[in-house]
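J.: Spelled out from the first residue to the last, the chains are:
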Amino acid sequence: MALIQPEADEATLERAMVYIFGLGVVFASLLVLVGIILAYHSRGNIDLSQSRSAFIHKSNFFRLLNALIKGKNIPTGPFLFVTLGMVALVLTPLGAVAACCVYFAMTKNVRFMLITLVVLTILTVSLAVH
Amino acid sequence: MFSVPVLIVISTFVGIIGALTGLGGASILVPILVLFGIPMKEAVASTMATIIATSSSSSVFNLTEKIANVRIALYLEIFTVTGAILGATITKVISPVYLYFFFAAFLLTSFMRVGIFRRIFLERILSSSKDRDGVARYLDLCGAYRDGIRKEKVSYRARNGILGGCGMFIAGLAAGMLGIGAGAFKVTVQENILGLPPKVSSSTSNLIIGMTALAATSVYLSCGFLNLMLMAPMVVGTAIGGIVGGRLLNRLSDSFLRILFFTVVTVLIVQMLSKGVMSVWP
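Order-wise, the sequence lines are chains X and D.
Per my numbering, numbering through the first sequence is continuous, rising by one, with the last residue being 113.
Per my numbering, numbering through the second sequence is continuous, rising by one, with the last residue being 882.
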């Protein structure tokens, strides 16, 4: 298998990752910002809350994702937006690694496809356990 | 208790430092939060999301300017995540008291690149292998970027791929055992063992650190320590800081970045030693 010249041929992958990271972080920050604004609007102040409703507790990330999709046992009001922002933030690097996996599979770069697959598997499993 | 706008400003500053040095920023933010009365576990849990924000936002510019190396990041990530998972697991069995001393000593290796230490240690121990090892050659761990200060193309080839992987495994152990992102360890390994340029080390470390922090998210979700209203301003601040830092990285000289890195590392060494001493003699 011929070695791919990173500089010449990985510009497409780097561009895709730039879009994923850029859109992910902007989208997540906006959701979190909406949560902060709503918290200010509903309370009239923006001090850091120590109330139990400000804490999120799920057995793992995918259970939280599942709860959000079904709309059951999820935070409400400002906390919902902050939770959605956190989910978007977590999915951003995961999406970037998935894009790498697809790219290396499409360019038939078996070595890096396997490396990326291992990374993706470890990350997915780590989000699914606990 | 401090307010949300204050925390956004502090987080922005931490995000800039994190993007410039390759540190996630948790090791700076956690002591600040604890100082303001936030419980330790809550502070650590909430800063995990900010590491992802710094990593993702700074990677936008680091990848655009081709400073971060995706191949090297993916290769090293296998060792880091494995180390982090093992570290988190064995912390339940082994007391972390003496770890602080071990990792402080590990961080001291950052100074091996400075002056006389470079001649004594690096050139004798590591640089004797100037050629790339089998792994670095097999995976073609190399790259090039245009340096904004030197106005020239900088080409580099990673060496000591196996040793670098082992170093990143130890960095992952540090992250898992101490509940930190361990960006300082990662930059040290990439510069000292793999022989990468400072800007490539910082930006590639930033790319890796987001993935490692993501692996810790479920742990903190299941513990119930994640305070959404504490996390929210830090995410916004570090995202802004990461963007600013990412843009600045290629416009600053290597020597300035080194000074900034060594300053932060010195603070971290003192912090770890003091925690170690306080654990042994409370």
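The reader is advised that the hints may include incorrect statements.
Unchecked claim - Sample of chain X residues at the chain D side, in silico, Cβ under 7 Å:
#, residue
1, F4
2, F10
3, S12
4, L13
5, P76
6, V102
7, T104
8, I105
As the list claims (entries may be wrong) - Pairwise CB distance ranges (calculated):
#, chain 1, residue 1, chain 2, residue 2, range
9, X, V93, D, G748, 32 to 42 Å
10, X, T107, D, E752, 16 to 26 Å
11, D, K641, X, I52, 39 to 49 Å
To be verified - Quick list of in silico lysine to any residue cross-link-like pairs, SDA-like style, CA-CA up to 25 Å:
#, chain 1, residue 1, chain 2, residue 2
12, X, K91, D, T664
13, D, K641, X, V108
14, X, K55, D, S822
What the hints contain is simulated information worked out from the structure, not anything from laboratory work.
Here the structure is a predicted model, which is why all the values come from computation and not from measurement.
Backbone N, C-alpha and C define an ideal beta-carbon position, used for all residues, glycine too.
J.: Hint validation: X/F4 versus chain D, beta carbon distance must be below 7 Å. Holds or violated?
T.: holds, 5 Å
J.: Taking the closest Cβ pair, is X/V102 under 7 Å from chain D?
T.: holds, 5 Å
J.: The hint names X/S12 as touching chain D; please verify it with the least Cβ-Cβ distance against 7 Å.
T.: holds, 5 Å
J.: Is X/K91 within 25 Å of D/T664, Cα to Cα?
T.: holds, 24 Å
J.: Please verify whether D/K641 and X/V108 have alpha carbons no more than 25 Å apart.
T.: holds, 23 Å
J.: Taking the closest Cβ pair, is X/L13 under 7 Å from chain D?
T.: violated, 9 Å
J.: Is it true that the C-beta distance of D/K641 to X/I52 lies inside 39 to 49 Å, as the hint says?
T.: violated, 29 Å
J.: Holds or violated: the hint that X/I105 contacts chain D, with Cβ atoms closer than 7 Å.
T.: holds, 5 Å
J.: With a cut-off of 7 Å on the beta carbons, see whether X/T104 makes it to chain D.
T.: Violated - the Cβ of X/T104 stays beyond 7 Å from chain D, reaching only about 10 Å at its closest.
J.: Taking the least C-beta to C-beta distance, is X/F10 closer than 7 Å to chain D?
T.: violated, 11 Å
J.: Return holds or violated for the Cβ distance of X/T107 and D/E752 against the range 16 to 26 Å.
T.: For D/E752 against X/T107, whose Cβ atoms are near 41 Å apart, the range 16 to 26 Å is violated.
J.: Does X/P76 hold up as a contact with chain D if the rule is Cβ-Cβ below 7 Å?
T.: holds, 5 Å
Going down the numbered hints, you'll see the structure goes against 2, 4, 7, 10 and 11, while the others check out.
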